[in-house]
Amino acid sequence: MMDLINKLKDFKLTRRSFIGWTSAAAATLAVPTSRGLVAKAEANIGVKEANGEGVWKTAACWHNCGSRCLNKVLVKDGVVIRQKTDDTHPDSPDFPQQRGCLRGRSQRHQVFNADRLKYPMKRKHWQPGGGKKELRGKDQWVRISWDEAIEHIASETKRIAKKYGNEAIWVTGGGEIGKAMSTIGGYTASTGTISWGAWLYTYEMLGVGEGLYVQGINDRIDLRNSQLIVLWGANPAWSTMGSATYNYLQAKKAGARFITIDPLYTDSANVFGAEWVPIRPGTDHALALGIMHTLLEEDDPVTNPLVKWDFLNKYTIGFDADHMPAGVDKKENFKDYLLGTYDQQPKTAEWAAEICGVKASTIRYLAREIGGTERVALLTGWAPARINNGEGWVQAFSTLGMMTGHMGSSGNMTGVSCWEYAGNNGPALLTPGSAGLPDIPNEITNVINENQIFDAVLKGKFLQKGEGERKVNIQFIYHNYNAVLQTRSNIMRGIEAHRKVEFVVTNAYALTTTAKYSDIVLPVTTEWERPGTVKAGNREILIAWSKIIDPLYESKSDQQIAKLLIKKFGKNPDEVYPIDEKQQFFNQLAGSQVVKENGKDFEPLVTITAKDIQEWGVKGTPQKGRIGLKEFLDAGIYQIPRKKGDNLGFIAYKDFIDDPVKNPVSSESGKFEIYCKAMNETSKKAFTEIAPIPKYEPKAEGYESTFADWKKKKKGKYPFQVFNPHYLRRSHSTFDNVPQLREAWPNPVYLSRADAKEKGIQTGDTVLLSNEYGKTLRPALVVETLMPGTIALPHGAWVDLDEKDEVDRAGADNMLVGFVPTGLGTSGYNTARCNIEKWNGTPLEEDYKWEQRIIKF
Amino acid sequence: MHEWALLIFTIAIPAAVGGILFLWFMSGKIANDDANFANIMKLPLIIIACLAIVGLFGAFFHLGKPIHAFNAIRGFGRSWMSNEIVVTGVFIALACITAGLAVVQKKINPVLMLLTGLVGLIDIYCMATAYTVTRVNGWHHLNTYFVFYGTAFSLGPIVGASLLAPTFKEGMRKVIKWAFIFSIIGIAIQLIGIAMFNAYIPEIETISGVTAATKLVPYSGMIGVRWVIEIAGLVLLAYLSLNTKNKLNFAFIYTALIFFVLAEGMSRYVFYVLGS
Amino acid sequence: MPQMGFYVNVAECIGCKTCVISCKDKNNLEVGRNFRRVYDYQEGTFPNVSMYHLSISCNHCDEPGCVKGCPTGAAYKRTEDGVVLIDHEKCIGCRYCEWNCPYGAPQYNKEIGMMTKCDTCIDLRKKGEEPVCVTSCPMRAIEFGEIDKLRAKHGKNADIKGMPSSSITKPNLVLTPLGQSK
Ligand SMILES: Nc1nc2c(c(=O)[nH]1)N[C@H]1C(S)=C(S)[C@@H](COP(=O)(O)OP(=O)(O)OC[C@H]3O[C@@H](n4cnc5c(=O)[nH]c(N)nc54)[C@H](O)[C@@H]3O)O[C@H]1N2
Ligand SMILES: Nc1nc2c(c(=O)[nH]1)N[C@H]1C(S)=C(S)[C@@H](COP(=O)(O)OP(=O)(O)OC[C@H]3O[C@@H](n4cnc5c(=O)[nH]c(N)nc54)[C@H](O)[C@@H]3O)O[C@H]1N2
Ligand code: SF4
Ligand code: SF4
Ligand code: SF4
Ligand code: SF4
Ligand code: SF4
Ligand SMILES: [Mo]
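Residue numbers (this note's numbering), protein chains in the order written: chain X, 1 to 857; chain S, 858 to 1133; chain P, 1134 to 1315.
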């Protein structure tokens, strides 16, 4: 009966939620007539609404999602009423439209989300110097004025800098606030290998490409020449949304076979019809060794040529005793390590099988397939390298490619296929111009590794790489443009660190975790509320997005905030920002370059007339380019058409292969280093020592550590390995607050049927994942598509601790990832372990029903 | 479950149908002092007509756009939903006429009562068919008829009996006895339906792919309780009709009514769970 | 215009749900209302597994249950191209069509108290554009067009494991199951 009454109320309720939903925009706008999300919009300079149907404008999709797509919004009567994606040219596999994903198409729900931060605010109990610091993350918020906010931040900055030195200021992500701090003496910085895992600090020394700065695989058209494509821990269908999976599919259609080596049977694997080789996270190194041992074992130069000796001899050092660099022990060569000549442990398929969980027969099969197929693409994402002690994996994987000669020729490639360049390496065919802002040097040299950062705050010391231990007394954390408390290891320790320091500030557009644990939060604009940017994406495109709406509520851009701060510091903002954001955008446009017909040289992309310059009200000189300024902005994209046999293709390492002497790779020896002295030397001044050849070592918090007794195979306290696939509902933590994405992609933890059965867990049950670092909940999704013994905990959910600061009900991945700085300082997100059990407390509701973090004053 | 309106509708109408049939049946058994007879029957008939109207009115709450409700007759002959609505209309009209005649003419017309009841039975058929022709697993089954007719025969008699109680004190023992007998039939009908239902291997005709059995798993407790209550109602009726020593306690009759209403309500609740 | 329908290449769908969201955007659908939906399925046991995702909206069926059951005639099948629409002058919001559609296509709009569903992006088609779900799919797995032509190109199959039989409402839908893509 009460439902009948509710039913009567219901109509009003929906009305109300509808108003709540759109009210984000209400500050600036005309009243909505439909449920469309609305806000006052600006037309591009020079663009006019033609026929009363509205104007399509290119709108930013600016996230670190591993792709770049074209996103457009329909602006009518100053209101954003719809979105669409690339339709600027007819679609074909060679010249595909840059279609966006479900997140991009939810962009207006993020910009106009009911949880947008409206005003500067401070924590109720905040006082200069701290003020009930333990209430961070729990306190109420009080609205303050911009003047007040800037005044507080400036005076606290000065006080803390004076009392403890500028080293006490930790600015995460550098950014505009980093520049502001640099005007008054600098700040302590933090860094990590984040995305790349072990590739970042090793690739130069090894002489290979890490997949972004240095390109290690061929381009997408050449991928169609591969006969066998091995996806080794890569899932473009989730982690390079947009065009990558479609590009890969063309290789399948051209006849390539696929194998996937992954703890999870992925959607990429599925549409490519891949054979699935399930593997334990962080054990790929062992598998690679097992494969390479088999290659050696079964190789016969005449009857069964699996190893490309010529390749090894000509392009690599360290493989065998005859090819060792001068001055090192020849016994330390890789071949003898594989064969177990000196350590009495041949790295056989059986040896590897015990560690990685792949059957020995399968390992041999992989060796024969990879070694015995003429054109092979060995492609890995960064994920298998985002592990503790991961450096050896990078080296082992690369060595496998060298041993089988799958490098440097058409259809052959070994390297990283990830992020915006997944499946399509090669130099960018278009480049954006520079904004034209000066560099502002940071006087403080502290760079804290992210595996140590919260410990550094709590314990007052850290390892300065290449130097040794340093003391530091962090008392002020300023977050801009990243989500450190979410995306760096050990959230619980992070919260502790945040509650220890005297001052925490965040610039944010929603109450993200970093904002939540701050003292002062400044509302920033989104990219839709800024003049515009030119952005590169995959190598064939350049995207220019421009302003869609005026800043919502009282929000300001990061640059505006930095300027206010600099001024309050008593410095001159014009020295840091001599030009405004519009001029910066213009400079990027004017400086954008496009490859010429010859495929080598570059020319300006955009034609700019004196009239354009005048209309824009900027400084500049007219120039001749490929495409008119308005034309470019209207389309929002410039894409180079590709086709088979054009002169824009790319074969990684071809120069080196053609002439290794004239075109050496980046390593010390100029060759690919299977024995890498530099890596060994560098590691001695980092966290843990790394062997010069890819010797297997158990990874900290890896598979071996799930055992109390490895020899007797007795499982320990945390018997499951947990890893973090990047998940399609969000880009890291970004978008996780958008209800319609929560609806489309729920927030489960993936459990294998075998483990679930053992634990009596069924799909939908709320489960508790726990280890010594934290406790976190998620609804279980029991699947057949996961390696038993492993748990896939999708990356990036917004941590949501209970009142006792114990259990997180969002299932944030970094509740379980510990601080274990290893090797050169690799971020080891995919090596973690935990226990899992059915949760006896209140079960979780689907999170699209959860209350949003809306702050009411 | 959000079909409260339909729940009320599909209990009220069968209860009214069963009630009026019971009154008709009893009218044949009750002595024929005309004036008194009309007096006895007047109030029950009015209340049953009201019950039917309340049922229909309840159904309106189900509609998202009640102002368009008149359109619902456009589908007569094509849509069982329309058929149901039209026949419900006829039933209510007849029930009102029957009650109206009782008030205005102070005369009871058993033929009209019977006719109303028969139209009601047709209405229940339309009502049940409206569900059996859907793709919803668990509705798409003969059992649905047993569920709806079951309500008419188990709840109808006790409704009729309770309504007679205030005006017809003397012969109540007899009334209760018949109500008891009919309730047994009503419950038996439902049990047969359930037996058939449990035996059937469902063909899933909706993409959600959930079987009735799976949907009902969380409600097994409720289903159990429902039967306990229903049987308690029946036992109460049995006690009232068999215990001839003590004076009839009317409170017991109403308690039995409440039991049956609760039990049928829960039964219907579970029924609508299937469609949610 | 002849009968229109959808083709969905299940074999090349990655289950990303961009079609769902782009449709929501086009039609301003709140959480809970989805003209297009994607259902996820898994087959086999570890490690011999496969998955498929079925993206489906309204199939504008030849024998539409929604139309047959509708008490008001609000749900109707357009003669010119067989598109099944809902007339908001007539609909009473009884939600009966939800129970009569095997595919979960009718999506109730609480705010207006009436039923809504995929209309094949009729307004865009009038302007010569394609439906939004079609142009949004990153895998190019959805096509829209004259059903005869789609059937000529992709075959006649409209059944897949887990889905109700196409014999019930005769949907204007063509599906390529996993393992059968070219
Ligand atoms: N456990 C685990 N942790 C991981 C990973 C993993 O796989 N597992 N992956 C790692 C990887 S690869 C990466 S790259 C990192 C990513 O780590 P982050 O870069 O920290 O992640 P994002 O969620 O993208 O954070 C971006 C934040 O900036 C905010 N923001 C966006 N635009 C603006 C702006 O204009 N101004 C300001 N001030 N803020 C803005 C967004 O709201 C968001 O909070 O995470 C890493 N962390
Ligand atoms: N949807 C979405 N896409 C994203 C991002 C996002 O947050 N969300 N983030 C973007 C960013 S910044 C980055 S750096 C990239 C990262 O992209 P990737 O490095 O490719 O990262 P993941 O998606 O985590 O993992 C890819 C595959 O590797 C598997 N894997 C994980 N650990 C191991 C392992 O130890 N061994 C093996 N063999 N396989 C393993 C996972 O199961 C998954 O299928 O993604 C980008 N794309
Ligand atoms: S893949 Fe990334 S850039 Fe492309 S639409 Fe999605 S979120 Fe935006
Ligand atoms: S957008 Fe395409 S690939 Fe993604 S779920 Fe829909 S049909 Fe499948
Ligand atoms: S799919 Fe459902 S709603 Fe659409 S025409 Fe067929 S029966 Fe009607
Ligand atoms: S909700 Fe509307 S369209 Fe659906 S059956 Fe009822 S009247 Fe017809
Ligand atoms: S045709 Fe239009 S309304 Fe129908 S599912 Fe596709 S996008 Fe949605
Ligand atoms: Mo990343």
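Worth flagging that the hints you see were computed from the coordinates, not collected in a lab. Hints may be right or wrong, so weigh each one.
Claimed, not checked - With a cut-off of at most 35 Å between alpha-carbon atoms, the simulated DSBU-like pairs for lysine-lysine come out as follows:
no. : chain 1 : residue 1 : chain 2 : residue 2
1   : X       : Lys643    : P       : Lys1243
2   : S       : Lys1072   : S       : Lys899
3   : P       : Lys1294   : X       : Lys253
4   : X       : Lys253    : P       : Lys1289
5   : X       : Lys76     : P       : Lys1259
6   : P       : Lys1223   : S       : Lys1072
7   : P       : Lys1289   : S       : Lys922
8   : X       : Lys849    : P       : Lys1243
9   : X       : Lys757    : S       : Lys1026
10  : P       : Lys1260   : X       : Lys643
Said to hold, decoys possible - Here are a few chain P residues that sit away from chain S, every Cβ distance over 12 Å (derived from the structure):
no. : residue
11  : Val1164
12  : Gly1202
13  : Gly1215
14  : Asp1220
15  : Lys1223
16  : Glu1231
17  : Lys1243
18  : Glu1244
19  : Ile1245
20  : Phe1277
21  : Ile1301
These figures come from a predicted structure and were not determined experimentally. Even for Gly, the Cβ is constructed at its ideal location relative to N, Cα and C.
Taking the hints in turn, this is what the structure says about them:
A threshold of 35 Å between alpha carbons decides the hint, and for Lys643 (chain X) with Lys1243 (chain P) the separation of about 50 Å lies outside it, so the pair is violated. Among the hinted pairs, Lys1072 (chain S) with Lys899 (chain S) is inconsistent with the structure: their alpha-carbon atoms are about 44 Å apart, more than 35 Å. A distance of roughly 25 Å separates the Cα atoms of Lys1294 (chain P) and Lys253 (chain X); the hinted pair therefore holds under the 35 Å criterion. For a cut-off of 35 Å, the pair hint linking Lys253 (chain X) to Lys1289 (chain P) stands: about 22 Å separates their Cα positions.
Only pairs whose Cα atoms come within 35 Å are accepted, and Lys76 (chain X) paired with Lys1259 (chain P) is accepted, the gap being roughly 20 Å. The suggested pairing of Lys1223 (chain P) with Lys1072 (chain S) holds, with an alpha-carbon distance near 33 Å, which does not exceed 35 Å. The suggested pairing of Lys1289 (chain P) with Lys922 (chain S) is violated, with an alpha-carbon distance near 39 Å, which exceeds 35 Å. Under the criterion of a C-alpha separation no larger than 35 Å, the hint pairing Lys849 (chain X) with Lys1243 (chain P) is consistent with the structure, at around 17 Å.
With a CA separation close to 64 Å, the supplied pair Lys757 (chain X) and Lys1026 (chain S) exceeds the 35 Å bound. Of the pairs offered as hints, the one joining Lys1260 (chain P) and Lys643 (chain X) holds, with about 31 Å between alpha carbons and a cut-off of 35 Å not exceeded. With a least CB separation of 16 Å from chain S, Val1164 (chain P) remains clear of the 12 Å interface cut-off, as annotated. A beta-carbon of chain S comes within 12 Å of the beta-carbon of Gly1202 (chain P); the shortest separation is about 5 Å.
The beta carbon of Gly1215 (chain P) is kept farther than 12 Å from every beta carbon of chain S, the shortest such distance being approximately 18 Å. With a least beta-carbon separation of about 9 Å from chain S, Asp1220 (chain P) fails to lie farther than 12 Å from that chain, contradicting its non-interface assignment. The claim that Lys1223 (chain P) lies off the interface is violated: its Cβ sits roughly 5 Å from the closest Cβ of chain S, which falls inside the 12 Å cut-off. A beta-carbon of chain S is positioned within 12 Å of the beta-carbon of Glu1231 (chain P); the least distance is around 8 Å.
A beta-carbon of chain S comes within 12 Å of the beta-carbon of Lys1243 (chain P); the shortest separation is about 7 Å. For Glu1244 (chain P), the shortest C-beta to C-beta distance to chain S comes to about 9 Å, within the 12 Å cut-off, and the non-interface label is violated. With 12 Å as the threshold on Cβ separation, the claim that Ile1245 (chain P) sits away from chain S is violated: the shortest Cβ distance comes to roughly 7 Å. Its beta-carbon lying about 20 Å from the closest one in chain S, Phe1277 (chain P) satisfies the requirement of being farther than 12 Å from that chain.
The Cβ of Ile1301 (chain P) sits about 6 Å from the closest Cβ of chain S, inside the 12 Å cut-off, so the non-interface label is violated.
Of the numbered hints listed earlier, those contradicted by the structure are 1, 2, 7, 9, 12, 14, 15, 16, 17, 18, 19, 21.
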